[in-house]
Amino acid sequence: MVARGNVARFWSLESLQMVAADGGTESSALVDDNGSEEDYSYEELCQATPRYLQPGGEQLAINELISDGSIVYAEALWDHVTMDDQELGFKAGDVIRVLEASNKDWWWGRNEDKEAWFPASFVRGYIRQCRKHTGMFTAAQLSTIFGNIEDIYKFQRKFLKDLEKQYNKEEPHLSEIGSCFLQHQDGFAIYSEYCNNHPSACIELSKLMKQGKYRHFFEACRLLQQMIDIAIDGFLLTPVQKICKYPLQLAELLKYTTQEHSDYNNVKAAYEAMKNVACLINERKRRLESIDKIARWQVSIVDWEGPDVLARSSELIHSGELTKISKQGKSQQRTFFLFDHQLVFCKKDLLRRDILYYKDRIDMDEMEIVDTEDGRDKDFNINVKNAFKIMNRATEEIHLFCAKKQEDKKRWMEACESERRRVQEDKEMGMEISENQKKQAMQNAHKSRHGKIKGDYNGCPVPPPHQSLHPIHQRHITVPTSIPQQQVFALAEPKRKPSLFWHTFNKLTPFKK
18 MVARGNVARF WSLESLQMVA ADGGTESSAL VDDNGSEEDY SYEELCQATP
68 RYLQPGGEQL AINELISDGS IVYAEALWDH VTMDDQELGF KAGDVIRVLE
118 ASNKDWWWGR NEDKEAWFPA SFVRGYIRQC RKHTGMFTAA QLSTIFGNIE
168 DIYKFQRKFL KDLEKQYNKE EPHLSEIGSC FLQHQDGFAI YSEYCNNHPS
218 ACIELSKLMK QGKYRHFFEA CRLLQQMIDI AIDGFLLTPV QKICKYPLQL
268 AELLKYTTQE HSDYNNVKAA YEAMKNVACL INERKRRLES IDKIARWQVS
318 IVDWEGPDVL ARSSELIHSG ELTKISKQGK SQQRTFFLFD HQLVFCKKDL
368 LRRDILYYKD RIDMDEMEIV DTEDGRDKDF NINVKNAFKI MNRATEEIHL
418 FCAKKQEDKK RWMEACESER RRVQEDKEMG MEISENQKKQ AMQNAHKSRH
468 GKIKGDYNGC PVPPPHQSLH PIHQRHITVP TSIPQQQVFA LAEPKRKPSL
518 FWHTFNKLTP FKK
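The opening position of the sequence shown corresponds to residue 18 in my numbering, with each subsequent residue numbered one higher.
Among the hints, a few may not be true.
[Unchecked claim] Here are the computed distance ranges between Cβ atoms for each label pair:
id : residue 1 : residue 2 : range
1  : E431      : D371      : 24 to 32 Å
2  : W125      : K444      : 40 to 48 Å
3  : K175      : K230      : 30 to 38 Å
4  : S160      : N409      : 49 to 57 Å
5  : W95       : S160      : 42 to 50 Å
6  : K182      : N120      : 36 to 44 Å
7  : E424      : R393      : 21 to 29 Å
8  : Q258      : E431      : 45 to 53 Å
9  : K272      : K444      : 34 to 42 Å
10 : E104      : E449      : 17 to 25 Å
Simulated from the structure, these hints should not be mistaken for lab results. No experiment lies behind these values; they were computed from the predicted model shown. Each residue gets a CB set at the ideal place from its N, CA and C atoms; glycine is no exception.
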């Protein structure tokens with residue numbers, strides 16, 4: 018029984034190492050022989066040009082691209098120092114134009130003013146190649162397509178190196194790798210940015226691949242690197258799949274690690290840590306979706322003043338109608354929207370009750386919620402019912418609100434307490450939305466408002482009930498161990514039941530026609 022457990026643990030460790038070592042290199046689909054602008058699928062192109070998939074097909078494809086008039090470049094990975102006039106010398110990072118590649122070992126190329134032979138194994142390139150071609154790719158396009166994949170590559174190399182140090186080659190079942198995950202758990206957070214950017218990368222790449230010159234370029238890069246026949250979007254998906262595989266692999270390793278094993282506690286802690294990483298990534302993904310909705314909501318509000326909501330907030334927590342009472346005893350019916358850090362209130366149009374006008378906002382960071390008993394209030398000297406206060410004891414700023422029903426008051430007080438709790442959790446987790454993402458959300462919302470983006474949008478729906486998000490050391494998610502790997506990312510975030518909260522908000526704030 019022990020021997021069987023050791024074998025199972027060995028295969029779990031092997032599988033885990035394969036996940037860590039799995040490359041994130043990119044690829045692309047082939048282009049048709051005529052170089053037309055027609056949009057071909059990868060499968061169609063493979064069927065049309067099977068010779069590309071045969072031994073030596075890379076050199077044949079590159080030569081055909083050159084014959085078609087395409088310019089093929091390679092980037093030097095290492096220095097090539099030579100005293101032979103027939104060979105091309107270069108330094109790492111130099112860009113070489115490939116003129117002929119019929120020989121698999123030596124290619125003919127040009128560097129500056131000289132043409133000569135150079136070793137094919139010394140050159141490769143992809144992202145840097147794109148950067149060299151400023152006429153084909155803007156900095157914004159490269160940022161969208163590749164995101165922070167280079168940061169992930171650097172992190173993954175270091176992680177793999179440390180993981181291999183912990184691997185016992187002589188007796189694999191005695192390996193202790195749990196501490197390696199714990200040591201690097203904070204570093205895995207960089208996957209969040211990549212995963213959130215991935216949908217935008219696919220859209221941008223799809224636009225470029227409709228043009229023949231980009232299909233030529235990406236295919237030439239793939240062949241120069243002798244990569245397997247997978248489209249570039251498939252390779253760009255690799256980091257997303259990788260981060261979801263770790264909890265599954267660690268769960269499998271934990272299953273075959275006895276409690277007496279010296280690595281048991283660390284593997285168990287690593288499993289929880291990587292589940293937390295997956296949970297954080299999913300929460301950031303959900304928050305990004307939320308800011309798009311908030312941006313669209315804001316542009317539907319008439320006479321908006323001051324900074325954008327997204328300048329400080331990234332999710333809507335609660336909304337509804339309340340009566341706001343001033344110090345002079347004047348009451349005003351307003352519609353309130355509680356976001357993290359701020360409470361925004363608006364006034365309904367007298368004729369079009371579905372149109373909202375911006376009135377003001379309250380900074381919630383220095384405020385506290387205070388329950389108020391029914392009867393005469395000593396601060397405002399009026400009779401109140403179902404009331405509560407939001408006040409700043411340092412400045413003596415006080416706001417008095419009355420709800421229609423006792424249950425409405427209870428929900429508002431709970432929402433205010435939840436707002437403070439979520440702000441604290443976000444701070445502990447390092448939950449931040451970049452300024453660029455906020456700016457992009459607002460730009461898209463304004464374009465949609467002015468009809469530049471097709472589609473009929475009837476207001477900003479309220480986000481579904483907040484998925485309870487505890488501080489990172491307490492968060493837990495359940496990742497099934499019997500589902501296909503590619504489904505994990507979607508399943509990590511539980512589905513939510515439809516909420517009346519959304520329906521109410523839809524009615525309150527449609528776009529003004």
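Under the constraints set out in the numbered hints, which ones does this structure not fulfil? Going through the list in order, the structure violates hints 2, 4, 5, 8, 10 and respects the others.
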